[in-house]
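6 protein chains.
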Amino acid sequence: MNILEEYRDKRAALNEKVINNSDKVIKRIYSLDTITYTEGALDEKTKEMIGLTTSLVLRCDDCVKYHLEKCVELGYSKMQIVEGMGVANVVGGTIVIPHLRRAMEYLDALFEEKENQE
Amino acid sequence: MNILEEYRDKRAALNEKVINNSDKVIKRIYSLDTITYTEGALDEKTKEMIGLTTSLVLRCDDCVKYHLEKCVELGYSKMQIVEGMGVANVVGGTIVIPHLRRAMEYLDALFEEKENQE
Amino acid sequence: MNILEEYRDKRAALNEKVINNSDKVIKRIYSLDTITYTEGALDEKTKEMIGLTTSLVLRCDDCVKYHLEKCVELGYSKMQIVEGMGVANVVGGTIVIPHLRRAMEYLDALFEEKENQE
Amino acid sequence: MNILEEYRDKRAALNEKVINNSDKVIKRIYSLDTITYTEGALDEKTKEMIGLTTSLVLRCDDCVKYHLEKCVELGYSKMQIVEGMGVANVVGGTIVIPHLRRAMEYLDALFEEKENQE
Amino acid sequence: MNILEEYRDKRAALNEKVINNSDKVIKRIYSLDTITYTEGALDEKTKEMIGLTTSLVLRCDDCVKYHLEKCVELGYSKMQIVEGMGVANVVGGTIVIPHLRRAMEYLDALFEEKENQE
Amino acid sequence: MNILEEYRDKRAALNEKVINNSDKVIKRIYSLDTITYTEGALDEKTKEMIGLTTSLVLRCDDCVKYHLEKCVELGYSKMQIVEGMGVANVVGGTIVIPHLRRAMEYLDALFEEKENQE
Chain V
1 MNILEEYRDK
11 RAALNEKVIN
21 NSDKVIKRIY
31 SLDTITYTEG
41 ALDEKTKEMI
51 GLTTSLVLRC
61 DDCVKYHLEK
71 CVELGYSKMQ
81 IVEGMGVANV
91 VGGTIVIPHL
101 RRAMEYLDAL
111 FEEKENQE
Chain S
1 MNILEEYRDK
11 RAALNEKVIN
21 NSDKVIKRIY
31 SLDTITYTEG
41 ALDEKTKEMI
51 GLTTSLVLRC
61 DDCVKYHLEK
71 CVELGYSKMQ
81 IVEGMGVANV
91 VGGTIVIPHL
101 RRAMEYLDAL
111 FEEKENQE
Chain E
1 MNILEEYRDK
11 RAALNEKVIN
21 NSDKVIKRIY
31 SLDTITYTEG
41 ALDEKTKEMI
51 GLTTSLVLRC
61 DDCVKYHLEK
71 CVELGYSKMQ
81 IVEGMGVANV
91 VGGTIVIPHL
101 RRAMEYLDAL
111 FEEKENQE
Chain H
1 MNILEEYRDK
11 RAALNEKVIN
21 NSDKVIKRIY
31 SLDTITYTEG
41 ALDEKTKEMI
51 GLTTSLVLRC
61 DDCVKYHLEK
71 CVELGYSKMQ
81 IVEGMGVANV
91 VGGTIVIPHL
101 RRAMEYLDAL
111 FEEKENQE
Chain C
1 MNILEEYRDK
11 RAALNEKVIN
21 NSDKVIKRIY
31 SLDTITYTEG
41 ALDEKTKEMI
51 GLTTSLVLRC
61 DDCVKYHLEK
71 CVELGYSKMQ
81 IVEGMGVANV
91 VGGTIVIPHL
101 RRAMEYLDAL
111 FEEKENQE
Chain P
1 MNILEEYRDK
11 RAALNEKVIN
21 NSDKVIKRIY
31 SLDTITYTEG
41 ALDEKTKEMI
51 GLTTSLVLRC
61 DDCVKYHLEK
71 CVELGYSKMQ
81 IVEGMGVANV
91 VGGTIVIPHL
101 RRAMEYLDAL
111 FEEKENQE
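Residue numbers (this note's numbering), protein chains in the order written: chain V, 1 to 118; chain S, 1 to 118; chain E, 1 to 118; chain H, 1 to 118; chain C, 1 to 118; chain P, 1 to 118.
There could be a bad hint or two in this list.
Put simply, identical chains are the same to the list, so a pair is met inside one copy or across any two.
Using 27 Å as the maximum straight-line C-alpha spacing, the simulated DSSO-like pairs for lysine-lysine come out as follows [unchecked claim]:
#1 K24 <-> K114
#2 K17 <-> K78
#3 K70 <-> K27
#4 K45 <-> K10
#5 K10 <-> K70
#6 K70 <-> K45
#7 K78 <-> K24
#8 K78 <-> K114
#9 K45 <-> K17
#10 K45 <-> K24
Hints listed in this document are in silico derivations from the structure and should not be mistaken for laboratory results.
Kindly produce the complete structure, drawing on both the sequences and the hints.
Printed below as a string of structure tokens:
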């Protein structure tokens, strides 16, 4: 199983556990998370870039993977995503590098998948 | 091996490494950690809930697992633990969600184990 | 002006600015924040203690002050609040001490105010 | 003196102290910081929005103020900036609210200044 | 009153409040904090440099000031302290810069005081 | 494959991905990272100890492993490294313990490898 499937399957399986167990507060967090990235004065693309880069400085690998998927879906080029992560890396310091490494591996896999689909 | 055993075995094995190598400062941290969760003006249950939720906002999966074990042992219901983690999730933001997911998986396994023992 | 009034006035004035400017997402965060601390499987007191201690390990002075107010209002004794903060300090390390110092100053002022009101 | 001048004067005075004392590493950080926000595959505006929102989730008031100045300069509307900060607030949780409050105060002052200049 | 006295007086006054209110756990944290920086396999100077730089990446201004005082007392040159902070700044990213600025202001004041005493 | 090889191989493979994809900003971060740990007013050993301990309080396992390798290479004794990590653990709190555990496992493996080479 490749790293894309591994992440997606694990995420889906565990999200089901959260939903089965969640109280009203956790349900609201999930629904808030959804409306947060919809178009408003800022477009969806910019909001996803914010999601990606804030996740990267907070060093959350799973959050980074999720927003990488979205950023690729919404049409960002690889270099645009790399540049966004570069800004986050300057802000967050070299402590971010191991997370950038894993993000790059995932990003490469996403673009490979995309090319195979076309 | 299930996720409970995997965590417990790894933790025990590595704690032994720490103890074998530790200086007086690390020894003191370990002993301080033990007395911290004993009953005082606050009862043990409330202190473990603090241990769990502060670990969750600081996004330390291993610490969360440890306090989940203790919270179940001390008699919290599943919904009480979920609600405590819900508060932590609001405080800490959606960046906490991947850690909540893993916590829910561990919590389910703990309650399953508990039911099998009864 | 004492430190209680200073905090309360500043907080109220700036919350008004947030509300005047906020989009639907920020409005939802504010409403979620309110329902988070209401009684459920856990009582209000435990939830406020979680609010206080997670704020302390995340080292947010203003959040700590807010939850100190609530904890005093809900009837915690000073020693119970101190013990809760002690647990948070062990979890979060000596980096939390300057925030603990400011919390203690605020806590003393709150109990002084409470005694004057009785 | 208003909050804009207070921040700008303090920042300029202290930056001078850093520059007078800095070694080659700190000099490089400063020069890297400058090239980070220049146009590439992503435009300057998107990069400043990343600077603002990553600073907000990392809860650095001074960094937020700096990027607010830049975002206003580059032509973002107030609602766009508010929405960007809303996303950051969801990611970072309610612990970000006190920083959002101070950011809103600064943002209002910046737009007031801008209107007076026009 | 200069920035050195302001910090020292405030710190002393609030430490008294902590000590008056503290439970056994907080007392232990304070005593652990003291023994942590005593000579062992590593000398006191190296330990204080660790105290300074870990405080800087965790962005705790008061902790930084405290360790700056100790580092100057123990005989570090200004350039050595600046270089140590430079390493911390690379690790922690540009988000550390505002804290570096305040640290530089305090460091300058400490060396000025030292020269006046000689 | 042992834990040393596993880390080194993964790190090398992913660093190649970063280098293949990186923009000028990420390239600069990598080159800055290299010059940061060279001798200046502080010697290399002290700078690596700063790298290790700041990485530990920021709880980055991969960064810790990297600096453990360097600290062993530069001639620190095991007890010196343990003491440095002890200071970091006091500063960062018990939340650091799981990272200390993994660091101790890696440190033991490094000294075992070193003894086998002699």
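Each hint, compared with the structure:
1. With identical chains, the CA atoms of K24 and K114 are at most 27 Å apart between copies only, with a shortest distance of 25 Å across copies and 37 Å within one.
2. Taking identical chains as interchangeable, the C-alpha atoms of K17 and K78 lie at most 27 Å apart only when they sit on different chains, with a minimum of 13 Å there against 33 Å within one chain.
3. Taking CA atoms no more than 27 Å apart as the test, K70 paired with K27 passes in both settings, with 22 Å inside one copy and 25 Å between copies.
4. Taking the shortest Cα distances, K45 and K10 sit within 27 Å of each other inside one copy (26 Å), while across copies they are farther apart (32 Å).
5. Both within a single protomer and between protomers do K10 and K70 lie at most 27 Å apart by alpha-carbon distance, with minima of 17 Å and 26 Å respectively.
6. When the C-alpha separation of K70 and K45 is checked against a cutoff of 27 Å, the pair qualifies both within a copy, at 9 Å, and between copies, at 20 Å.
7. Taking the closest pair of Cα atoms, K78 and K24 come within 27 Å of each other only across two copies (14 Å); inside a single copy the shortest separation is 38 Å, beyond that limit.
8. Proximity of K78 to K114 under the C-alpha cut-off of 27 Å is restricted to the intra-copy arrangement: shortest distance 11 Å within a copy versus 36 Å between copies.
9. When the C-alpha separation of K45 and K17 is checked against a cutoff of 27 Å, the pair qualifies only between copies, where the shortest distance is 25 Å, while the shortest distance within a copy is 29 Å.
10. For a Cα distance limit of 27 Å, the shortest separation of K45 from K24 across copies, 18 Å, qualifies, whereas the shortest one inside one copy, 29 Å, does not.
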